[in-house]
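Enquirer: Given chain A, work out where chains B and C should sit, using these hints.
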Amino acid sequence: MMLPLFVCMTLLIGCTEKEKFIVYGSPQNEAELESVLKEEKSVEKSTVIQYDDKMLVAVQIKPLKKWNTTKIEKKLQKKFDEKYPSKEVFVSADYKIFYEANKIKKDQLEDNKLSKKITELQKLAKEET
Amino acid sequence: MVIIFPSKPSLLAGGVVAGPLEDRSTFKQYFDTVYDDERWQMDTNEQGHRKMVEEACEFVMKKGGITTAEVDYLLGGDLVNQMTPTNFAARELAIPFIGLFSACATSVSAVIVASLLTELGAANYSIAGASSQHNAIERQFRYPINYGAQKPQTAQWTVTAAGYALVGKHREDAPSIEAATIGKVIDYGMDDPFHMGAAMAPAAFQTIKSHLDERKQEIYHYDLILTGDLGQLGLKLLKGMLVESGIKNEELTLLRDAGAEFYGQDESFQSGASGAGCSAAVFFSYVMQELRAGTYKRVLLVATGALLSPLSFQQKETIPCTAHAIEITMK
Amino acid sequence: MEKEQYQQLEQNITPPTPYLKNAVKAFVVGGLICTIGQAVSLFYIVFFNFTEATAGNPTVATMVFFAMILTGFGLYKRIGQFAGAGSAVPVTGFGNAVISAAIEHRSEGLVLGVGGNLFKLAGSVVLFGVVSAFFVALIKYILVTIGVVSW
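Note that the protein sequences, when read in sequence, are chains A, B and C.
Going left to right, the first sequence walks through residues 1 to 129 as the numbering used here numbers them.
Going left to right, the second sequence walks through residues 1 to 331 as the numbering used here numbers them.
Going left to right, the third sequence walks through residues 1 to 151 as the numbering used here numbers them.
Be aware that one or more of the hints could be misleading.
Stated by the list, open to error - Partial list, computed: chain C residues near chain B (C-beta under 7 Å): (1) Y6; (2) Q8; (3) L9; (4) E10; (5) P15; (6) G74; (7) G80; (8) V91; (9) N96; (10) S100; (11) A101; (12) E104.
It is worth saying that the hints were derived from the structure and are not from the lab.
The C-beta atom is built at its ideal place from N, Cα and C for all residues, glycine as well.
With the rest of the complex left out, here is chain A:
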């Protein structure tokens, strides 16, 4: 029972220390991405993983804005779709996706595995039960 609690604590501490906007992968549009995400006030932290034409945008919503999680998710998805029509963007506010995205960055996942991982997470987020 203590282990997950411990993990939770270290994660919380770890996250606050780290930078709030993380971009990993091809670094061509970092500043632009950051400004787009900063526009959305209810986003607390975010991690963006880019590979080829794929983009995974994992966000964490501020605690009291979580009531509107789905709404914000949809809004961001629309925004990114319009901004990067050539890219396959996937926005998720789920903690699992955010956690995995950070892990990708931490492990410095190689490019060939990246694409597969992004598809995998996309599939996972669609699961309902």
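Expert: What follows is chains B and C alone, placed relative to chain A:
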């Protein structure tokens, strides 16, 4: 309402067995045995309940120096539906038996009937008493044992104990029953099954009052007036009612309650003990032994019973209560 | 003494229910149970392939399992006596209601005892839970249809 017994039937012996939790009772030293398994090594709580009754009766016979064949009647009851534990114990003991139900007042009502049979000459020896087993009674009246419901401060804890006494013809060296009062069923509109003391106090008051009035006695004629299981709050209420009726405060120190004292000041039992076994266990151990020892010369035992069922209280009925009293003297 | 007079006396002597104290105790213990639940949920998210949306089911199962262990050892009733609603309202309270009934009625056999009485206490939770879920969904559906809120 008062019955006078000219031949003064005696309480010849008492047998009290109690469960593991009753090891914490302030009356523990007076009990014949405190068993460490509340099921008496049987499969179910109800079977344990039955075993407990049998054992109490065996203690009574052993201490009275008689055999089963010499006992004319067995009178008793418990709180389980249709009183199966006592009925089944009677099957094992094979003594002519009448089951009695006055809820927690059964101990005294059984002694009254036994005394009448003795007075009539119909019985040389009869065994009378009552019992309750915590687990079997809780599931009957409230929730499953392990259900985490919060009990209010006014609640009482059903004891696991069986108390039986041997009633026989008058003997100089034994406590004798001089008189008894069979109580009316009193209902003051109380409807909280977790506050039984408040429901039962008026019944105890009525019975004590009419016994004293008809016997032309005052409280100070007694060395002890002991009620069955009013609990700490119920006892306070009874005292409050007696003060209201013009009885002086200093006399009220003679008034005690078995339920309030059963577990001492332990707050985990809320307002105190209750159950048919509570009054039976204290009356037939502590009181009888103290009478024999000469500590008390005249006591009034008032067992109180709340005559409710889980059904009646769910149907929003109030709780009618009764109280029976016996006046016991020692030469 | 008259009935009304006695009821007055009863009111004076009975100690008042400590509502505030009970509420604080329920808040702390209930919060603690929920924190453990959150930790369990996080555990499933971090170490297994569960998302926030899907971690609910295994979390509930785990919490009920904890409640089962505590009920079996007779500890849950002690927590319940202390915490009141704090331990009754979370899903562990539901688990306790089901499991305590199962233990209690084991002596009457598996079918008529355990089977027949398993939902003795929890049955009304299931019933009114389903009924209220239906009405909440209905109200939300109406609100969405007239455009006040969105799904």
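Enquirer: If a hint holds in the structure, say so; if it doesn't, say that too.
Expert: Here is how each hint holds up against the structure:
Given the 7 Å rule on beta carbons, the hint for Y6 of chain C holds: about 5 Å separates it from the nearest Cβ of chain B. This hint is violated: Q8 of chain C has a C-beta 10 Å from the nearest C-beta of chain B, more than the 7 Å allowed. For L9 of chain C, the suggested interface contact is upheld, since its CB lies about 5 Å from the closest CB of chain B, less than 7 Å. Annotation: E10 of chain C was flagged as interfacial toward chain B, and the flag holds, the nearest CB pair being 5 Å apart, inside 7 Å.
For P15 of chain C, the interface hint holds, the least distance from its beta-carbon to any beta-carbon of chain B being 6 Å, beneath 7 Å. The restraint placing G74 of chain C at the interface with chain B holds, with a minimum CB-CB distance near 6 Å, inside the 7 Å limit. The restraint placing G80 of chain C at the interface with chain B holds, with a minimum CB-CB distance near 2 Å, inside the 7 Å limit. Restraint check, V91 of chain C versus chain B: the minimum CB separation of about 13 Å is more than 7 Å; hint violated.
With its C-beta approaching chain B no nearer than about 5 Å, N96 of chain C sits inside the 7 Å limit, and its interface hint holds. Here the hint on S100 of chain C is kept, as its CB sits about 4 Å from the closest CB of chain B, short of 7 Å. About 5 Å separates the beta-carbon of A101 of chain C from the nearest beta-carbon of chain B, less than 7 Å, and the hint is met. A hinted interface residue such as E104 of chain C counts as satisfied when its beta carbon comes closer than 7 Å to some beta carbon of chain B; here the least separation is about 4 Å, so the hint holds.
Figure legend: structure checked against the earlier numbered hints; hints not met, in rising order: 2, 8.
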